[in-house]
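Number of protein chains: 2
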Amino acid sequence: MLNLKIRSLASALAIAGSSAAMAVEWQALPGKAPEPADNPTTVAKAELGKMLYHDPRLSSTGTVSCASCHNVMSGGDDSRGGSVGVKGQVGGRSAPTVWNSAFNSVQFWDGRAPSLEAQAKGPVTNPGEMGMKSWDDVVVRLKAIPGYRQAFAAAFGGEDAINVDNAAKAIAAYERTLITPNSPYDKYVSGDKGALNEQQVRGMNTFAEVGCVSCHSGPAFNGPTLPEGTGFFMKFPTYENGALEAQYDFKKDVGRFEVTKQEADKDMYKVPTLRNIALTAPYFHNGKVMALNDAVMIMAKTQLNKDLTSQQTDDIVAFLNALTGEFPKQEMPRLPAYPNNTFAYE
Amino acid sequence: MLNLKIRSLASALAIAGSSAAMAVEWQALPGKAPEPADNPTTVAKAELGKMLYHDPRLSSTGTVSCASCHNVMSGGDDSRGGSVGVKGQVGGRSAPTVWNSAFNSVQFWDGRAPSLEAQAKGPVTNPGEMGMKSWDDVVVRLKAIPGYRQAFAAAFGGEDAINVDNAAKAIAAYERTLITPNSPYDKYVSGDKGALNEQQVRGMNTFAEVGCVSCHSGPAFNGPTLPEGTGFFMKFPTYENGALEAQYDFKKDVGRFEVTKQEADKDMYKVPTLRNIALTAPYFHNGKVMALNDAVMIMAKTQLNKDLTSQQTDDIVAFLNALTGEFPKQEMPRLPAYPNNTFAYE
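Sequences listed follow chains C and A, in order. Quick note: my numbering has the first sequence finishing at residue 359, numbered continuously throughout. Quick note: my numbering has the second sequence finishing at residue 359, numbered continuously throughout.
Be aware that one or more of the hints could be misleading.
The list treats identical chains as interchangeable, and a pair is accepted whether it falls inside one copy or across any two copies.
[Claimed, not checked] Dumping the calculated DMTMM-like pairs for lysine to aspartate or glutamate here, alpha-carbon to alpha-carbon at most 20 Å:
1. Lys342 / Glu60
2. Lys206 / Glu359
3. Lys248 / Glu271
4. Lys301 / Glu359
5. Lys264 / Asp280
6. Lys301 / Glu222
7. Lys301 / Glu211
8. Lys301 / Asp178
9. Lys314 / Glu222
10. Lys265 / Glu344
11. Lys206 / Glu241
12. Lys156 / Glu48
13. Lys146 / Glu359
14. Lys100 / Glu253
15. Lys100 / Glu359
16. Lys45 / Glu339
17. Lys200 / Glu276
Because the hints were derived from the structure by calculation, they are not lab data.
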C-alpha cells in the first residue's frame with residue numbers, strides 16, 4: 014500500500030491562496046463505482062449482500078448488523094461518537110459512512126483494509142463490534158438457513174458457495190451500489206449554475222482558497238482517484254493546538270501507527286469523503302465534535318493553521334450542505350428464515 | 014379491560030376430543046386490520062410511522078429503534094430470548110412479533126396496553142429498552158429535525174403537530190399495515206385445496222382435535238376477534254410440570270399479575286398469534302424454548318395435559334409452517350436528518 018504524504022502539497026496550495034480556486038478541477042460524482050476484476054457487481058450478489066449487511070444474526074448476540082453502525086436509512090453511519098457493538102461496548106472511533114465508500118481506495122480510518130471486501134470481514138469477528146468468535150461460526154449459521162443456501166448459489170454458483178470470501182464479496186457488491194449522485198454541487202459543476210445559491214458558491218471558492226481542497230479533492234472529496242488499495246492519508250492534527258487537544262483528545266488515538274507501528278504513520282488517517290457530510294455528525298475519527306461549523310473551524314486551524322472568520326465558516330458549511338446527494342430508493346431485504354428454530358446467541 | 018378467562022372452555026373442548034375439529038371455524042387473515050375511530054390509517058401517517066419505527070434516535074444512546082427488537086425484515090421479532098435494550102441490557106421477555114399485531118385486542122405479553130397506540134409509547138421510555146428519560150426529550154429531538162416537522166404536519170396538519178400522541182398514532186398506523194396474508198393455510202381455507210400438503214392437513218386436524226384451537230382460534234390464531242382493549246388471556250402453564258419448570262423457568266415470571274396485582278392474574282398471558290410462528294423462535298414469554306417442535310410438545314403438556322406422539326408433533330409443526338404468510342414489499346424509509354449536528358447521546 015503506497016502511503017501518499019502530501020503535507021508539502023497542502024502547504025504549497027495554502028500559500029498559493031486564491032489562485033488555488035482557479036486550479037481546482039471540480040468533479041461530479043460518477044454514477045457507478047469502480048469494481049475489482051474478481052468481483053464484478055451483479056444483481057444476485059448485491060441482493061445477497063443487502064441481506065447479509067442487514068442481518069444481525071452475523072453477530073454473537075444476534076443484535077448487531079453492519080447496518081447498526083452504518084445505517085443506510087440515514088447518513089450511512091450511526092450519528093454517534095464511538096459506535097456500539099455487542100453487549101453495549103462502545104468503540105473508540107466514529108463509524109465512517111458507507112455511502113460512497115466504494116470511492117475510497119482504502120477502508121477504515123486507518124486504511125488498514127485495502128478493499129471493501131477486506132473491510133467487510135473485520136467487524137464481524139471484532140470482539141467489540143459484532144463479536145463472532147470466527148467466520149467459521151458465521152458460515153455454520155448461514156449454512157443452516159435455506160434461503161442463504163439458495164442466495165449464495167444464485168450469486169456465486171455451486172452447491173457449496175457459502176464461505177467468508179463470498180460473503181465479503183456480496184457485501185462489497187452491495188456497498189458499491191450505495192452511491193449518492195446529483196447533489197446540488199454535482200448539478201452545478203455539470204452546468205446547472207442555479208443549483209447552488211450565492212452563499213454556497215462563495216463557500217465553494219473559500220473551500221478552495223483556504224486550502225481545504227488540497228486534501229478533500231476529487232469526485233468524493235477524499236483525495237485524488239487512486240487504484241484500490243493505494244490509500245490517501247493525512248496527518249491529523251498537522252498543526253498541534255493545546256486548547257483544541259485539551260478539549261477534544263484528538264491525539265489519544267494514534268491513527269495508522271496502530272496498524273503499521275511506523276513512526277511516520279503516527280496520527281495519520283485516511284482522508285474521509287465530504288459527501289453527505291451534513292448528515293454524518295459527529296465529526297473526526299473520535300466523533301468528539303458535534304457541529305459541522307466547529308469541525309470546519311477546527312480543520313482550518315489544525316490542518317492549515319488558519320483562523321476562519323465566522324462568515325468564511327458559514328459559507329463553507331453552506332457549500333458542504335450542497336454535497337448532500339440523492340439517496341437511491343431501496344427495498345427492504347427479507348432476511349431468510351432459520352425455520353422453526355433459532356441460534357444460541359450470547 | 015374485560016379479562017376473559019376460558020380455562021373451562023379449554024377443558025371442555027379438550028374433553029370433546031375429535032368432535033372439536035368439526036366445530037372449528039377456520040378463518041383466513043383479513044387483508045386489512047381494524048382501525049380505531051380516532052386514528053384512521055393514512056399514507057402520510059403510515060410513512061411517518063415507518064420512519065419513527067426505524068429511527069434509533071428515539072433511544073437514549075441513539076442505537077435502539079422499535080425495529081431493533083421487532084425487525085420487519087424478518088419475523089417481526091429479534092430471534093432472541095430476552096431482548097436487548099440500550100447499553101446491552103437484556104430484558105426478561107421475548108419480543109412478540111409486530112407482524113399482524115394489529116389483530117391483537119391488547120398488546121404486550123401481559124396485555125397491559127389496550128391498543129397499538131398505547132403500546133408504542135412504552136418501550137421508548139423504558140430504562141431497559143430505549144432508555145429515554147421522557148417523551149418530552151423525544152419531542153425536543155423530533156422538533157430539531159426539519160424533515161420530522163414536515164412529516165408530522167403532513168400527517169396531522171398544523172405547525173405544531175409533534176407530540177407523543179401523534180408519534181404513537183403514526184407508529185400504530187404503520188404497524189396496522191404490517192399484515193401477512195395469503196399463507197398456504199389462508200389459500201386452503203379460501204378453497205385452494207392444493208395449498209396444504211397431506212401432512213399439513215393432518216396437522217391441521219390434530220391441531221383442532223387435541224385442543225390447541227381452543228385458545229389459538231380466530232383469523233390470527235390468537236383467540237376470537239374482540240374489540241380493541243378487551244384482551245384474551247390464558248394461564249401458562251395451566252398444568253404444572255416439575256420437570257419442564259426445572260428446565261425452562263416458566264413461572265419465574267408471573268405474567269399479568271405484575272400489572273394488576275390480582276391473584277387471579279398470576280401466570281396469565283395474552284394468547285399470542287401463531288401467524289408466522291415458524292419464523293419467530295425462540296418461543297414462550299421468556300424465549301427459553303428454541304425449537305418449534307419442543308414448543309408444541311410443551312404446550313400440549315402444560316395447557317392440555319396431553320402427551321403428543323412425535324408424529325402428532327411433526328404434523329402440527331408442518332401445519333404451523335403453513336401459517337407463514339406473504340410479507341409485503343417495503344421501501345426503506347429515509348430517516349430525516351438533523352443537519353450539521355447530532356444529539357448528545359448517552
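Looking back at the hints listed earlier, which ones does the structure fail to meet? 2, 6, 7, 8, 10, 11, 12, 14, 17
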